[in-house]
Amino acid sequence: MNTFITTAGVALIGLMLLVLIRAIKGPTVIDRLVAINVIGTKSIVLLLFAGILFGQLEMFVDIALGYGLLNYIVSIAASRYYQHRKSLEPEHSHGGSPVS
Amino acid sequence: MKYLYSFVVLFMPWLVLSGKFDSLHVGMGVLCSSLVAYWCANLLFQEKAATLGGRLRQLAGFVGYMGWLLGQVILANLHVFRVALSPRMNELLSPQMVEFDSTLEKELSKFILANSITLTPGTVTVRVEGSRFLVHALTDSVACGLPGAMEKRIAKIFERTR
Amino acid sequence: MSTLPIWQFDVLLLILVVLFAVVALSIRNLMGAAVVFGAYSFMMCLIWAGMGAVDVAFTEAAVGAGVSTVFVVSTLYNTGATVQPRTGGLAFKLFIGVVVTIAGAFLLSALPDFPEWGASDSPVNAKVAPYYILNTIADSHVPNVVTSVLADYRGFDTLLETTVVFIACIAIYSILRIDKAKLEVGEPAAAPVPRYDPGDSLIVRQASRFMVPFMQLFALYVIAHGHYSPGGGFQGGVILGASLILLAISFDLKSLLRQWSEKTLMLLVAAGVFLYAAVGLACMFMGGNYLDYGFLDSILPGEKDMARSHGILLVEIGVGITVMFSMIAIHINLASNGRFDRGL
Amino acid sequence: MHFLGYTLISTGLVFFLGTTIGLLRFPDFYTRMHAAGKGDTLSTVMILIGCICLVPMSLLLAIKILLIINFIFIGSPTATHAMMDAGNKAGATPWRKDSK
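Residue numbers (our numbering), protein chains in the order written: chain C, 1 to 100; chain B, 1001 to 1162; chain D, 2001 to 2344; chain Y, 3001 to 3100.
Rather than coming from a laboratory, the hints here were simulated on the basis of the structure.
For glycine and all other residues, C-beta sits at the position ideal for the given N, C-alpha and C.
It cannot be assumed that every hint is accurate.
[Unchecked claim] Derived, one-sided and incomplete: chain D residues facing chain Y with beta-carbon distance under 8 Å:
hint, residue
1, V2204
2, F2210
3, M2211
[Claimed, not checked] Calculated pairs, DSS-like style, for lysine-lysine (alpha carbon to alpha carbon, straight line, at most 30 Å):
hint, chain 1, residue 1, chain 2, residue 2
4, D, K2263, B, K1002
5, B, K1020, Y, K3089
6, B, K1106, D, K2254
7, B, K1106, B, K1002
8, Y, K3089, C, K25
9, B, K1002, B, K1020
10, D, K2254, D, K2127
11, B, K1002, D, K2254
12, Y, K3089, D, K2127
13, B, K1152, B, K1002
14, D, K2304, B, K1020
15, B, K1152, B, K1106
Take these sequences, add in the hints, and give me the full structure.
Written out as structure tokens, the structure reads:
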């Protein structure tokens, strides 16, 4: 079972790396936000996996529960920023010409 | 009355969280639950008119609704999967904004309808203003089907107060 | 390293953390950088968890997911998210590069002096840690060693850490808070904030309605059960603060301020530190050393060991109160630009 | 029971793969949101239920994980909606079929 969980966890992190591509590419901040939101949700799963592998699920479940409750605050705060200030310019990520 | 309801609603999760049933911890549970109930009763129970039986019936209806919704979520994922993996993705997609008016009146039922729309195949709620829903649809066929059977189901469960 | 059950996770997460850090630094829009930096903190939390440091992981989770990114976002809300192009030329960049390299080399040169990670003969693991691990149950009936170390054996440190949070709150308050009366005379009026539209956040409001009570319940659970499970006053306080910040974001700042007036907030921030210090003083009055909770056994129920356990709970509550209200006060200051009227 | 757990976790991972591919391949912010909002919720929920089935644990612990699932079910669509609204208000350009 532990081998399976480890494999699943490694696969999950691998997929998170793929999601990271979206966070790197952008092109807008909201795109990054979507990717980060997905990664945050998957952190809950990884925490549970770590708990299973350590054999101390009851400790890790508390952290995962905290994450589950808090995870969406960031998305809501960032969305509220764009709902109030209507400016979403695509920016260049890799040291290109900075957006004025 | 709403304080009592909130206390009961909050004390049960406390017992689950705590998992310790000695007098000290249950006592702290009573204290913390009443504190949160005092803070949040206005948040948790906004309807004044509802009776206890009505609330319980709503809860039962909601559980049944969740079962149906879970099926829809799986369908939604298969739909996304099919579109995302299709080599001719650009032909399958025809994203568009759809607006429609809902007959639902309560905020709670609008909230559930909006989140259900987000979780069902091919549609995501963008905005709810008054009774006007702005929905982003992935393909033409799902855009025509809005709001669908969901609205009636929700109306049946949540719009009656007693 | 390979004896750890999840070294595969650790290696991959380390790669992810470095990637996130590089991405966060290279994005030229501050909002984007803030958001990616939030994900960096998720990964740090997972790494702590992978090392088995659950309390640290919990702190990182609560602070990273709950408040830190929100603070940055609300700051950017008042300052704007665009960066000015740097004016310094190549020489300046080279200078920075040299300075950073030298500093990094110094830090790395100190690395061999550290004992190997988890080595059993290092000074910490040879004397101090075994004492805590062996004696904590007998001394204070607290199974979670971290809690007893933080709040009992090293209670002074935690008292001063709580004071640091308090000072941070006071500092932000004194820098940002603007008096309404002064504002009318000196500065020009604030840029008109778009009117709050109650219709546009129905879904968010309804969701917060359900989440906030359970967040607060969970936070109180974390404070009350710091003895047994990871967590304690700091984490619980942060989650409590985050729940009220969520209320402020999804309804509006006014409704939060109606519930907790400015005066109450600041009084409560001080009250938490006061509670902690007062418990210490009470120990002195009972004849013991400062923060030696064992001497409270005549006013708290139970024997000496149980009194220590209850003393830990009391100071955890103090920490929780200070942290919770500091978080809220800091958020209100940042979000409303010190005006305490409306904001993010 | 074990078999069910393995199946659920694997299915969850497959759905998360679908999410990731959708997130990377879809042409604009709105369509990416579809992939993220739906796939993220379901794959997380599936993996968590799989953990309940797979790992022997006490009833209270299982209920705690069910609580996490509950909060994800409330929080995830809400975050999706908030980001969608923010993108729309900030003026993310929608993709049109004839634009390419």
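Checklist entry - Within a Cα-Cα threshold of 30 Å, do B/K1152 and B/K1002 meet the stated pairing? => result holds, 28 Å
Checklist entry - Is the hinted pair D/K2304 and B/K1020 satisfied, with a Cα-Cα distance of at most 30 Å? => result holds, 22 Å
Checklist entry - Holds or violated: are the alpha carbons of B/K1020 and Y/K3089 at most 30 Å from each other? => result violated, 48 Å
Checklist entry - Is the hinted pair Y/K3089 and D/K2127 satisfied, with a Cα-Cα distance of at most 30 Å? => result Violated - the C-alpha atoms of D/K2127 and Y/K3089 are around 60 Å apart, more than 30 Å.
Item to check | D/V2204 as an interface hint toward chain Y, with CB separation required under 8 Å | outcome: holds, 6 Å
Item to check | Agreement of B/K1106 and B/K1002 with the hint, judged by alpha carbon distance not exceeding 30 Å | outcome: Distance of about 18 Å is within 30 Å: holds.
Next on the checklist: Please verify whether B/K1002 and B/K1020 have alpha carbons no more than 30 Å apart.
Outcome noted: holds, 27 Å
Checklist entry - CA of B/K1002 to CA of D/K2254, is that 30 Å or under? => result holds, 24 Å
Checklist entry - Is the Cα-Cα distance between B/K1152 and B/K1106 30 Å or less? => result holds, 14 Å
Next on the checklist: Check whether the Cα positions of D/K2263 and B/K1002 lie no farther apart than 30 Å.
Outcome noted: holds, 29 Å
Item to check | Satisfaction of hint between D/K2127 and D/K2254, Cα-Cα up to 30 Å | outcome: violated, 54 Å
Next on the checklist: For B/K1106 and D/K2254, compute the direct alpha-carbon distance and say whether it is at most 30 Å.
Outcome noted: With a Cα-Cα distance of about 24 Å, the restraint between B/K1106 and D/K2254 holds, given a limit of 30 Å.
Checked against the numbered hints above, the structure breaks hints 5, 10 and 12 and satisfies the rest.
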